[in-house]
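Colleague: Now for the letters of each chain:
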Amino acid sequence: MTHETTTLKNELSLSVHGMSCAACVSKVEKSVLAVPGVSDVKVSLAANLARVTHESTASVAGIQAAITDLGYQVEIQADDAERFDRERDLRQQEIRRQKINVLIAWPLSMVVMFGLFQPMWIFPLFVPEWMHNKWLMLVATTIIVFGPGRQFFVHSFKGLRRGVTDMNLLYATGIGAAYAIAFINTLWPEAGFGGQGATFFETAALLTAFIVLGRYLEALTRGRASDAIRRLMHLQPKMARVLQANEEVEIPAGSVAVGDIIVVRPGESIPVDGVVVYGHSVIDESMLTGESVPVEKKPGDSVTGATMNRSGMFRFRATRVGGDTALAQIVKLVEDAQASKAPIQRLADLVAGHFIAGVHILSLLVFLFWFFIGFELFSHPAGRFILSPYALAEVGVFGFALLLSITTLVISCPCAVGLATPTAMMAGFAKGTESGILFKGADAVEATTKVNAIIFDKTGTLTRGRPALTDVKLLPGWERAQILTLAAVAEKGSEHPLGQAIVEGAQAEDIHPADADSFEALTGRGVRAGWQGQEILLGTRRLMAEADINIGRLEPAAEQMEQAGKTAMFMAVDGRPAAVIAVADTLKPYAIEAVDHLQQMGIQVWMITGDNRRTAQAIARQVGIEHVLAEVLPGDKAAEVRRLQEEGLRVAMVGDGINDAPALAQADVGLAIGSGTDVAKETGDVILIREDLREVVSAIEVAHATLRKVRQNLFWSFIYNVVGIPLGMGILYPFTGLVVSPELAALAMVLSSLSVTLNTLTLRRFRTTLQRRHSRAAVTQPQPEMLAPARG
Amino acid sequence: MSTNAARKAFAIYFSLSLAAAILFLAMTFVTGQAYLPAARYGGAIWVLILSLIITMPLVIPAVKRREV
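Protein chains in written order, with my numbering: chain A, 1 to 792; chain B, 1 to 68.
In isolation and in its complexed conformation, chain B is listed as follows (with noise of 0.2 Å):
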């Protein structure tokens, strides 16, 4: 895989994940729940962290499918 294909897909699946994090942070001061900073934040690192694990393995290939 090229360098700027690389970087394109670390810019689509970063983008994702990040967005799928700042949305879930977006909820917890909607839903009006009293949650502890350490909730919001750690429970954003997760979804972070999971959104990244189901991307990559969607767009790396796909990505690399378009490289060729």
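Pulled out of the complex, with its shape left as it was, chain A reads as follows (with noise of 0.2 Å):
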């Protein structure tokens, strides 16, 4: 074994407003990274998020600085849930902003469309005259450039200082290009720009107004977006009641401490998460879970912050608050979800990045071709512009190749892709949060697609993880009063649902064991103890093998006990063996449904268990798993997950144990019922926060769901470009005489960033196969059945 020396590492969460495209993540992320003592920076740019690993050396100031100097604002993410309303009215002023630059450029960007068709087709019958004056075309086209658009021009002014580009860049470059050459055909014709025939006001005009109604898409739909946190965040009540002296004091809900009882009265929601200790009561836990149906609480049952308190009124002990509450928990998880990148996000990100530099290599390239060979080579008499006015005569070589140049930097931006994965990928997070289904980022999306395995633990997972004591066959020479006792305190001392068992047996027969004198828990096997001079063996068939115990007395008993999947286990005394006892657990509802709709998506379904094979394999039969994996020790489960993947499965685990969680960590992706332990949910990459296994199906569904929208958005975005490109550079002309011009390309560009908005919000329509039966309302429950839990 290494002793390595580890660096204490920080993590800081930042709300990033002003970025507007994967160029910008970009160059976030380059300029963070470039800060001493960073070692990971991941930007959201849907959720107006980044998350920055740094050491403590590293200054908070200095990375926020080299945030806000690429033009951004920056704040650091306070805990609590005001953030969230600070964020939303962050988000909300960059629509409102937005939705001014739409209402500035639009209204005058038709008036000086108007004024330079006036003279053309019918536009004489109902455009006035005056409208066709150079004078009021450029001063509308100065406000449109010099308002709304100012925004592209100081962006790309900022990101090119510090060496950075981005979308910004491509836009500037293409607006302030049309308008110098408008104000110059305006105010010097004779110049030689193509004069008072080809002042390009339009183009200007139209390519600001179209890319601010992009922009302002993209805010509406990162605001829809993140509206789903926020939204979390507010299920919490602002206000608590806790009992202070006797008396009921109202304080905020974040002041309330561990340990402070809480009065719930009916229709309130509960503050923070705890323990009923006095009353009754029905929870609607369904803003939560998605479980629809109310859950009734009595005295030691936990309760949820969040939840809604249906009809009685109760009182109950605060025990997580703060951050530690689940519906904290829960936010952080969606939070980091969406923070996170899938490899296909990562990929986009990359080719946006570094595309805008290609870009504008591609339109210079174009501007020379078509300055110094093409207008002539191809020279057409009757070229126009699509949807322009001007003759490609009237413009010469240089509008024409200057108009090629701009055109091809506008159809070539890809604005869409940067929103294009972000955006499904939150949509999708917010479905499976519907029926509680925690994605903890994207890439545990993109896994989830892939899984053609999938491995259930048997105990806690399959089975309710609540075994109870059935049957107990003693040997002649004890009584069943006297095994129970030494049994029981053997296993007081233990964690295991099998003790846990066994113990409660005795005590619902009137036996309350004392503490053992000693106690080994034996991983696998079962316990020792030593209690009153009396060495207490229980456990497996190993376990006596070990210790030399000749259990053959016993065997037909556990042999039959097994046949009916129960789970036996020897215990010898003093060496001698003494008695089999037998527990079994209940089979959680929905198991068997859950099983036979995975393996009907062609998912290969197995089971593992520490249970012995006979036992594991009457319950793999009932439940209708075909593969089993038996006998398997806690610390091996990760080694039969590996030897799965070895033979060539992508395996999902699902489990919720302790146990479980190496096991978890090694499947590809690990799926952690939520009522199982922290560990257990700390290392899944997915968390199920209903017991319903159907929601492992669920969880599969919307990975897929998700996945084809990101594909789907992808096409969407980049099409544009693709089919745009060789088009905005004019490949047309030779055959048609015809080149799309700038404005066109814009219109193009809007509409890829359109397509992907509506497109993702289709997602919103989606429904998991439970959904859907549960509108149907025809789902019958199976009756649980007797099953032996495992040890180990």
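Calculated from the structure, these hints are not laboratory results. All values reported here derive from a predicted model rather than from experimental measurement. Backbone N, C-alpha and C fix where the C-beta goes; we use that ideal spot for every residue, glycine too. Be a bit skeptical, because a hint or two may be false.
With a straight-line Cα cutoff of 25 Å, these simulated PhoX-like cross-link-like pairs (lysine-lysine) come out [as the list claims (entries may be wrong)]:
id, chain 1, residue 1, chain 2, residue 2
1, A, K30, B, K8
2, B, K64, A, K30
3, B, K8, A, K158
4, A, K158, B, K64
5, A, K492, A, K473
6, A, K332, A, K238
Examples of chain B residues lying across from chain A (beta carbon under 8 Å, computed) [stated by the list, open to error]:
id, residue
7, T31
8, A38
9, A39
10, W46
11, M56
12, P57
13, I60
14, P61
Got two chains here, separate frames each, mind docking them using the hints?
Modeller: So this is what it looks like as structure tokens:
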């Protein structure tokens, strides 16, 4: 074993506002990574979030400055619910700002457009002649370019100063060039840039108008996608009613401390997590878990913050507050997921980041080609821009080459690429949350779609994990009460469900076990305890064999128990066999249905357990699983997962306990059932809040639907570029005399962003098989069956 | 980025861009085509602008890295 010095790593969450594209993301990441002490940064355009991992020596102010120097607003994310309101306010400000830009740009663009077209076609019939005034059009265009269009120049300049480029630069270059020509042609028409017949007002005006429209739509999309988290946080009430000196006192929910007794009345939302100490009620947990049936709560039951108290009044003791509550953990999970990047998105961001330089090179080559070769070679007397009044002959070689160069800049812009994946992922996360499924990251979503084998842990996953004592078979010379007493003493120190079942079974027979004098848990085999001078061994055949104890007389009874699907545990006292004790667990509702559905999806279903093979196979038969991994020690579960992976399978592991954590980590996708331990939830890639195993199916369905949406979005975002770039470069001109104008290119880019936005919205309509069934109300619940849990 | 490094970067990318623009201008004479002055000089300015945009993101980070 080697010892390494580890450097303390901190994580900083920053809200970043003002980003507009994948290149902005790339820009921020590069800039932050250049700050000394920063080791990793993940930026989410859709969530306006940057997660920075840095050493303690890194300057937080320096990290913030690296982002503000690029022209973006940044603030450190506070750990309270109000920050979501602040972020929503910032997003709303951005939406308002872009809306104002649209409201300025579009009417003025129409003035320019109608003014330009006034002498043509039917326009003289309803457009007054004074609108065809070049000074009017110059003024209108100037307002558009330096008003709504100013943002592109400012961002470009700030980025270029630091040596980074983004899509603002494409727009600024195109708009700036078109405006400059328009300005020159208006003031000096004889300068030779096309004269009064080619002022290019509408190019500059419409380019700006289309692009700000695209920005407005993107701001709307990002605002909507981020509302999911804000809605979650607002589930938590602001105030709590705490008992202080037997009086109810209202205090802010944030001030509740662990141990406080809180009173909840009917119709109120529960402020924090806790345990009921007095009263009964029915709680609606659907807002967190998606579970539509309200849950009864009585003293001793846990309650979760942000759920709704329906009927009775009760009091509970706060056990988790602030950032430790289930709600806070869910919010953090969703935020972390939003900040994560799927491999497909990392590729898209990388492409977009490098694309800008490539686009400018292409634009330069296009200009040079048409200037020196193309204009003369492919001269077309009737050549025109599509949807533009200019005849190309009027424009001249420089104007022609320049316009095609600008068109190439604009049409090559991968504007929608930056939105394509994150918006679809965020919509997918939100869809999952509706069903109590929390994907911990975009890569978890992608990995889930590739799964072709699932391993279920048995105890606590397929079964409820609350086994009960069923049989005690004694050898001659022993009495039931005696055996149960010794067994309960031995298992009192054990946290294993089997041990708990024995203790509870003994207590049910009015036996109250004392504490053992000594206790040792033998992982995967059983326990060894000492009490009143007696040595008690309780566990598997392996344990008995290791202690050289002959259990031959107990075998027939044990086999019979195991054939019935129970777990048989052998007991020996002072080296002599004494009894065999059976416990049995209950299959979780819908386990059979979930397994059947997964198999119908073409996924291999496996069960893994430490139980003996006979019992394991009996259980597997009942639940419908063919592939069984039995007698697996806890430490070997991960190895079994690895073995399947080496056979070429993409393996998902579904588990809930501490001993599942290594297997969950080893699996391609670890699904931790929500009732399970924090360790399992920490290790899992997907958390299933509800204990309904059918949500495993739902998780896979949501992942597939999300990735399908991502691919569609990428298609829509790229197809405009793939088709548009050759057109923008003038490929049609030699054959048809038609070229794409810059404003038409800008329209195509807006349509590209619009397609992505609208396509993402369709994911809201997606429903899992389970949701469809609930809506048809046609589910029948199988009877729970007695099954044997496994030790280990 | 220090002032010296910024100046150095500026000298490099501006020289490269200017060279490209001058080359463009030279070619408008060499090809023998009768280009209007507006086309020659307008084109040179456009080549200068695009060359600046292309070279700045390459030169500035390279100079920064050398500075570190």
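Colleague: Which numbered conditions among the earlier hints are violated in the structure presented, ordered from lowest to highest?
Modeller: none
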